[in-house]
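Engineer: Sequence:
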Amino acid sequence: MVGGAGDDVYVRDNTSDVITETAGQGADTVQSSLTYTLVSNVENLALTGTTAINGTGNTLNNVLTGNSAANTLTGGDGNDTLNGGAGADTMAGGAGDDVYVRDNTGDVITETAGNGTDTVQSLLTYTLASNVENLTLTGTTAINGTGNSLNNVLTGNSAANTLTGGTGSDTYIFGRGYGVDTVVENDATVGNTDIASFMSGIAADQIWFQHVGNNLDVSIIGTPDHMVMQNWYLGSQYHIEQLKTADGKTLLDSRVENLVSAMAGFAPPGAGQTTLPPDYQSALSSTIAANWQ
126 MVGGAGDDVY VRDNTSDVIT ETAGQGADTV QSSLTYTLVS NVENLALTGT TAINGTGNTL
186 NNVLTGNSAA NTLTGGDGND TLNGGAGADT MAGGAGDDVY VRDNTGDVIT ETAGNGTDTV
246 QSLLTYTLAS NVENLTLTGT TAINGTGNSL NNVLTGNSAA NTLTGGTGSD TYIFGRGYGV
306 DTVVENDATV GNTDIASFMS GIAADQIWFQ HVGNNLDVSI IGTPDHMVMQ NWYLGSQYHI
366 EQLKTADGKT LLDSRVENLV SAMAGFAPPG AGQTTLPPDY QSALSSTIAA NWQ
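Just so you know, we're using our numbering here: the sequence shown kicks off at 126 and counts up by one.
Since the hints were derived computationally from the structure, they do not count as laboratory data.
Even for Gly, the Cβ is constructed at its ideal location relative to N, Cα and C.
Take the hints with a grain of salt, since some may be wrong.
To be verified - Straight-line alpha carbon distances no greater than 20 angstroms define the calculated SDA-like cross-link-like pairs of lysine to any residue that follow:
1. K369 <-> A396
2. K369 <-> G302
3. K374 <-> I298
4. K374 <-> A396
Stated by the list, open to error - Using C-beta positions, here's what the derived DEER-type ranges look like:
5. V315 <-> S193: 45 to 51 angstroms
6. Q367 <-> T399: 19 to 25 angstroms
7. P402 <-> L249: 38 to 44 angstroms
8. R301 <-> S410: 20 to 26 angstroms
9. Q150 <-> S410: 54 to 60 angstroms
10. Y358 <-> T235: 35 to 41 angstroms
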């Protein structure tokens, strides 16, 4: 089978099938009911049927998709996306910046050190495997995510998540619609800098700080979205060292209490109130400006 120009789809159901593609001739896909390794110049592989078969990529940026059985998907040198499907799959991305889609508790993800910056998109509670940097929780269920010893980027979904960093310099992503997330940090490593990164459209004067028990409650005004920094008041090892807005403002952990104290005399703005009322602005704007740099 020779597809020529265009985005071609090849259906492979015989071990003797031969597929030939030329470089630069579109984004091509093989649909295979048998174990298969992508030939040169073909980008994508989708395993079909219900048999436990395997798929292997090539040097391109591949999308490898399993079927409903237990598959082994192996990427090559490109920036690959591996989605095992419904079965308990084994996925190894190889070199490049790979993305793994995890939707089964039996899924196994394997990465080698130094092979790019990799991301797991997980529909279930998950702890990052070794040598994988980033974790994004998907779906709408309250699930949890845990990092490893690398510098991780941890992102929750729209439900109530618990995000636990490891011993690296971790970044926690937060924004409108993210729900109530609990951040667990317990890292006293000298030189590490953990960051809470707020999505675009959230300004420094839209972030509210409260001391609640042992925790620091950081919320986006006018919304039900809260980032609860667990045990903040029990010691600096529980701190996130920097909070950052998308427009370039940074708040250091050493300055957080200035905002907590200033805001303690006010109730947080109500639902739908996404800007500070005039009397709040008069009382708080100078403190906000002085501490968010």
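Engineer: Does each hint fit the structure? Answer for all of them.
Structural biologist: Okay, the hints, checked on the actual structure:
Pair hint K369 plus A396 does not hold up; C-alpha atoms about 23 angstroms apart against a cutoff of 20 angstroms. Proposed proximity of K369 and G302 is supported: the alpha carbons are some 18 angstroms apart, at most 20 angstroms. The suggested pairing of K374 with I298 holds, with an alpha-carbon distance near 15 angstroms, which does not exceed 20 angstroms. Between K374 and A396, the direct Cα distance comes to roughly 25 angstroms. Violation of the 20 angstroms bound is thereby established for this hinted pair.
A C-beta distance of roughly 49 angstroms is found between V315 and S193, which places it inside the suggested range of 45 to 51 angstroms. Judged by the Cβ atoms, the range 19 to 25 angstroms given for Q367 and T399 holds: they are separated by roughly 24 angstroms. Between P402 and L249 the beta carbons are some 42 angstroms apart, a value that agrees with the proposed interval 38 to 44 angstroms. The hinted window of 20 to 26 angstroms between R301 and S410 holds, with their beta carbons roughly 22 angstroms apart.
Between Q150 and S410 the beta carbon distance is about 59 angstroms. The supplied range of 54 to 60 angstroms therefore holds. Evaluation of the 35 to 41 angstroms hint for Y358 and T235 yields a pass: the beta carbon distance comes to about 40 angstroms.
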